[in-house]
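Asker: Sequence:
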Amino acid sequence: MRDIAAVVPILPETAVGGDVQQHFENDPHLLYVVIVDREGHPLGLVDRHTFHVRMAGQYGYSVYHRRPVTLLMDPRPTIVEAAVLVADFLPQALGANPSELLLGFIVVEHGICLGVGSAIDLVRHAHAAKKTALSELRTATERLHEANEKILRDKLFIDRIVQNVPSPLIVRSVADGEVILMNRAARRFGDSALSERTSHMTSRMTDAAPADDGQASMEFSLEDPEGKRRDLILNRLMIADRSGMPLWDLYVFDDVTVYRENERQIERLAHFDKVTDLANRRLFSMRLEALCGGNRPAVLFYIDLDYFKTVNDVHGHPAGDALLRLVAERLREHGRPGDLIARLGGDEFAILWSNTALPSEIELRMTPLLASLSAPYLVDGKRIVIGASIGSARFPEDADSAETLLQHADMAMYRAKTQGRNRFQQFQAALSDEVRSAAILTEELRDALASETLTLHFQPIYEREGLQVRSCEALVRWCHPARGTVLPDQFIALAEQNGLIHTLGQWVMHAACREAMSWPDAIRVAVNVSSIQLGDAAFPDMVRRILRQTGLPAHRLEIEITETSFLKNEKANHAALCKLAEIGCRLVLDDFGTGYSSLKYLWSFPFSKIKIDCGFVQAMSQEKVGRIARTILSLAHSLDLSVTAEGVETDEQHRLLVRMGCDEVQGYLFARPRPVEDILPSLRACA
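In UniProt numbering, the protein residues as written are 1 to 687.
Where hints are given, some of them may not hold.
Dumping the calculated DMTMM-like pairs for lysine to aspartate or glutamate here, alpha-carbon to alpha-carbon at most 25 Å [what the hints assert, rightly or not]: (1) K417 <-> D536; (2) K309 <-> E496; (3) K155 <-> D241; (4) K382 <-> E397; (5) K417 <-> E563; (6) K571 <-> E496; (7) K309 <-> E142; (8) K131 <-> D154; (9) K131 <-> E142.
Hints are computed from structural coordinates only; laboratory data are not their basis.
Put together the whole structure using the sequences plus the hints.
Answerer: Structure, rendered in structure tokens:
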């Protein structure tokens, strides 16, 4: 009521009509005057209209202003507290005595007058309230309409998102399991394919991975309508009301097919050889460790292809890769269930056989496998023949760990290779002892090279009849302080195996050239060079450097190369020999006639001389061998090549060679290899 109370003049009960009249005259719009007692409490209400009527009818204008105001007021006005709401007062007043509202009413607070209200004020207030209510209702209606439109837009937006989400999505009622939503991606699998999965997987997920928040997931595979396998992860999320009561289960399917395929591809790249598609060394090592770590019996076959490098050099690496794939196919053909077949790298393969096997059973497996690997291959229309050297070792009979098993199988393979290649060898304890001995001897050879305790012996090569020394072959000797004399065949082969051959060969070359500088100018020095040295691209430059350091003329250096060197890297060796010939060195084809002879080498390589092998010389007394020897001599001379026969031990052999026209002879019949100080006098005598 405070809002409609109008402030009006307040007069004490002692006031007279003139006081009231004065207020009405001063304010033409004033309608009410309140009369109060000494404490300020309202006693009555004078309204303008009633006041003027009474003055005119009872007393007249001449006397009205002298009358007490208490006689002119309404002594029982309606009084209402300011805190009362208009909406509560109006129905009450209308119901009690509605005519009194026309005379106005006094609004008080704690008994003190705040102002006066009228029926018009009530009507205005009610009208304003209704107008405000209507405005608020209109506003609320508009907001509700906007909210409904927003809800519809949001629903449409969410529905479009749900329907266009690429992941299948399904919502089921917790109460009855009814599917209440399924998006387009889910329907692509059929109306029931995924929903059936959710129904029978829910209990499994709950049992396997219960979660307080209702979340769970699991992976499964399913065929899509096109028959393709799809890998899916099913994620479930429980949706509850405000009280936590479960209402719906939301299922989202993540299609991880591409991801899983990439994982499988990465796994394959990490564990399989890209050329042969066999297991690679990493996977092989993991399986080998697992097998031996679990103390399960196994047999390991270590396979190394013979002369594979020649295939790459002659036919190119693409042909080499094609050959490796054919080898892998043959290995698979001879594989057994449970075997792991791996390519360890290069031309090395392995078969891990998880089985207990006797040596005889191993031989039964290896014999047909070796025959298969050694059979000709057809690569790009070309027939290629290689061999294979195979070693085997058993676990736990031959080794107590995966590492040792691999080492022992490798030892056996290497023994097979050194025994002539294209064969297999089972591990024996003696092989391990040999390897340990070889390792010790290798270190001792390394020390001997560092301390320069090796020596050179020289064996002269003579003119056939006058026996004048033409050259001397340098032969390295090793007098071990504890072992005594170590045979060259032992430590030279060892040096080739462990890479010391380059250091050893350089020392021999330098020492031989240095010694030759003290000989007569007409006498040459011959140095043997292995295929490994020749295969080093830096070898010709090393020879050039040594000649410059020692001062030996290049034409006084003979470099002897065996025929077998060409089988390993013919193109590279040809280039190296041409460079040596350009330097001015004389090139000698050694051990001619040992089984690999090819006329191609005689005319395509820049040789100056050939040396007939000692075994051939010793058999020349036989008629057929003698005829072959004459043919070789005739052929060599026709190509302007001189011929040296080595290994001459009897006068008969010497006479026969002289009659055949052999240019030079060498052997124990004339001189054994001796230190340089022992032969130096005879060399100087030739000057």
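Asker: Evaluate each hint against the coordinates.
Answerer: Structure-based check of all given hints:
At most 25 Å may separate the alpha-carbon atoms for a hinted pair to count; K417 and D536 meet this at roughly 22 Å. The hinted pair formed by K309 and E496 meets the criterion: a straight-line CA distance of about 17 Å does not exceed 25 Å. For a cut-off of 25 Å, the pair hint linking K155 to D241 stands: about 19 Å separates their Cα positions. For the hint linking K382 to E397, the alpha-carbon distance of about 43 Å lies beyond 25 Å, and the restraint is violated.
Among the hinted pairs, K417 with E563 is consistent with the structure: their alpha-carbon atoms are about 19 Å apart, no more than 25 Å. Between K571 and E496, the direct Cα distance comes to roughly 21 Å. Compliance with the 25 Å bound is thereby established for this hinted pair. A hinted pair counts as satisfied when its Cα atoms are at most 25 Å apart, and K309 with E142 does not qualify at roughly 89 Å. The suggested pairing of K131 with D154 is violated, with an alpha-carbon distance near 33 Å, which exceeds 25 Å.
Between K131 and E142 the alpha-carbon distance is near 16 Å, which keeps this suggested pair within the 25 Å criterion.
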